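With the hints as your guide, set chain B onto chain A.
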Amino acid sequence: MFNLSEKARYNWFLVFLMGPATVLVLAVVAYPFFYNVFLSLSNANIYHIKDWRLIGLQQYLSVFREPLFWEILLKTVIWTAVNVIFHVGIGVFLAVVLNQKFIKLKPIWRVILIIPWALPQYIVALTWRGMFNYEYGAINLLLKYFGLSQTGVTWLTSPFEAFLAVIITNIWLGFPFMMVVALGGLQSIPAELYEAADVDGASAWRKFWAVTAPLLKPVMLPAITLGTVWTFNNINVVWLVSNSGEPNDQTHILVSYVYKAAFNMYRFGWAAAFSMVIFMILFTFNRLVLRKAQSNEVY
Amino acid sequence: MNPHTRRILSMIAAYGVLMLFAFIALYPLSQIITISLRPSDKLLSTSLAFIPEGASLKNYEKLLFETPYLRWLFNSLMVSVVVTFTGVALASTAGYAISRFKFRGRKAYMEGLLVTQMFPATMLLLPMYIMLINLKLINSYLGCIIIYSATALPFCIWQMKGYYDTIPVALEEAARIDGCTPWQTFYQVILPLAAPALVITALFSFMTAWNEYIVAAQVLQDVEMFTMPVGLKMFQGQMQTQWGLYAAGALLVSVPVVVLFLALSRYLISGLTLGSVKG
Chain A
1 MFNLSEKARY NWFLVFLMGP ATVLVLAVVA YPFFYNVFLS LSNANIYHIK
51 DWRLIGLQQY LSVFREPLFW EILLKTVIWT AVNVIFHVGI GVFLAVVLNQ
101 KFIKLKPIWR VILIIPWALP QYIVALTWRG MFNYEYGAIN LLLKYFGLSQ
151 TGVTWLTSPF EAFLAVIITN IWLGFPFMMV VALGGLQSIP AELYEAADVD
201 GASAWRKFWA VTAPLLKPVM LPAITLGTVW TFNNINVVWL VSNSGEPNDQ
251 THILVSYVYK AAFNMYRFGW AAAFSMVIFM ILFTFNRLVL RKAQSNEVY
Chain B
1 MNPHTRRILS MIAAYGVLML FAFIALYPLS QIITISLRPS DKLLSTSLAF
51 IPEGASLKNY EKLLFETPYL RWLFNSLMVS VVVTFTGVAL ASTAGYAISR
101 FKFRGRKAYM EGLLVTQMFP ATMLLLPMYI MLINLKLINS YLGCIIIYSA
151 TALPFCIWQM KGYYDTIPVA LEEAARIDGC TPWQTFYQVI LPLAAPALVI
201 TALFSFMTAW NEYIVAAQVL QDVEMFTMPV GLKMFQGQMQ TQWGLYAAGA
251 LLVSVPVVVL FLALSRYLIS GLTLGSVKG
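These protein sequence lines are chains A and B, in that order. So in the working numbering, spot 151 of the first sequence is number 151, and the numbers just go up one at a time. So in the working numbering, spot 128 of the second sequence is number 128, and the numbers just go up one at a time.
Keep in mind that the hints were calculated from the coordinates and are not lab data.
With a cut-off of at most 25 angstroms between alpha-carbon atoms, the simulated SDA-like pairs for lysine to any residue come out as follows:
| hint | chain 1 | residue 1 | chain 2 | residue 2 |
| --- | --- | --- | --- | --- |
| 1 | B | 136 | A | 265 |
| 2 | A | 144 | B | 49 |
| 3 | A | 106 | B | 23 |
| 4 | A | 207 | B | 2 |
| 5 | A | 101 | A | 186 |
| 6 | A | 104 | B | 5 |
| 7 | A | 106 | B | 30 |
| 8 | B | 107 | A | 286 |
| 9 | A | 101 | B | 10 |
| 10 | A | 101 | A | 198 |
| 11 | A | 207 | B | 14 |
| 12 | A | 7 | B | 179 |
| 13 | A | 144 | B | 28 |
| 14 | A | 104 | B | 258 |
None of these values were measured; they are calculated from a predicted model.
Isolated chain A (complex conformation) (with noise of 0.2 angstroms):
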């Protein structure tokens, strides 16, 4: 130990630093992935679990063939611009009323603010299912209390409400992180500018535009993109607000009807496809949409 050069003992601590995360990211991520692309092109199921054997590409073909692929893809693409568009503009729209100067006891209402993030997910996921009730759902409720709706909507049991009720839970959830997000970023911007802008008669709507948007822009991106996947992979909410799909495998996004694909359904290979499938529409997606965007903004 003692005769160990410099540049040695170097590299011994970077190993020892970086060796125990890299193993196990190894093992649990990147083993499975090389696992999942063989079982994409196997046969495995319920009846094939151990004696599976390589069929080709048999089973991406499936997967686009399947008309059901092409409406729960628009569904997820449009789940996803919904929630995150939603998440950025209440989250940034409630950061700005909170950072003005005049707002009293700042911590206690960013607190209540922060809420529905601190909440676990899967319990707030089961009581918005509670509340979109028809009959007993305070959201039904409430409705009619307010003279909004005479009858109730039929929230867990039509499609289109269904899909909905899915989507107002997943907002409801979502807002809060980018709020945090954007006050941090708001905090950072210098006084002086607004100070400047006031001097030039800027009215409040003006100054968002030319000076808070450019200049949160940078603090935004990283989570919009960091957002945009993880609102395209949330299984949790639609799972559990749609009790697995209901009605009839109305309400999915990708990665839940690949879910029951593979669990419910037990088509390992076909299922194994499809997340392969879920997978490279996200890695092209960012490498040319978000990458770009970000390219010139955050490096």
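Coordinates of chain B only, in the frame set by chain A:
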């Protein structure tokens, strides 16, 4: 409109917005409280009252003494604590190495970690599930612990790396001149300075494990082995939902995490933004 009226109007609008969203944020929580207090013959009620008629703590009593709730609590705590320690230990060291050592493949390593965030849950779960079946390791905590640690890790490493980047290198050079070994420099000088990021990493790892349903639902199969999410989901059964038990259980399990989360939310703001800006 004179400036004074304008100011008053914008104040009213701002407080109005905050109150509306505060109501929206708190309402589902108030629903859980209300339902948990309902007596068993009034669970299905169309009343909007916050404190229900004939409120009682019967649901809590039944939950604690007649269901495996405490057992699930113990299971969840054990899994989450192990995942938290693993996450903090591995992310704080790996993040430091990536921040300070200019080794080859460093950028690719970081991007590789980002790519893992794009894996759909099933892509790792399905192979793991088949492997666990073949190894006869299904229905064990170890499976859950390993999966949670590994899925939380990439985000935690990014987070830690971003924070280390904001700590001046000059501090380490000073420590080295004073005769510290690399380990001492890291452990005694840099790590204490990264406390806010460590808190975020711990919180994130804990919440990942504490709130996970999808993996646990497949890996854990005995009622006795369930973690809290799988257990509570069981109350929303196939035939009939036991709303009282569910709400009481949901409230008891939420309160500690919400308090923890809110107490640490101060760190959350600095930690998250620094991590993401400097990424």
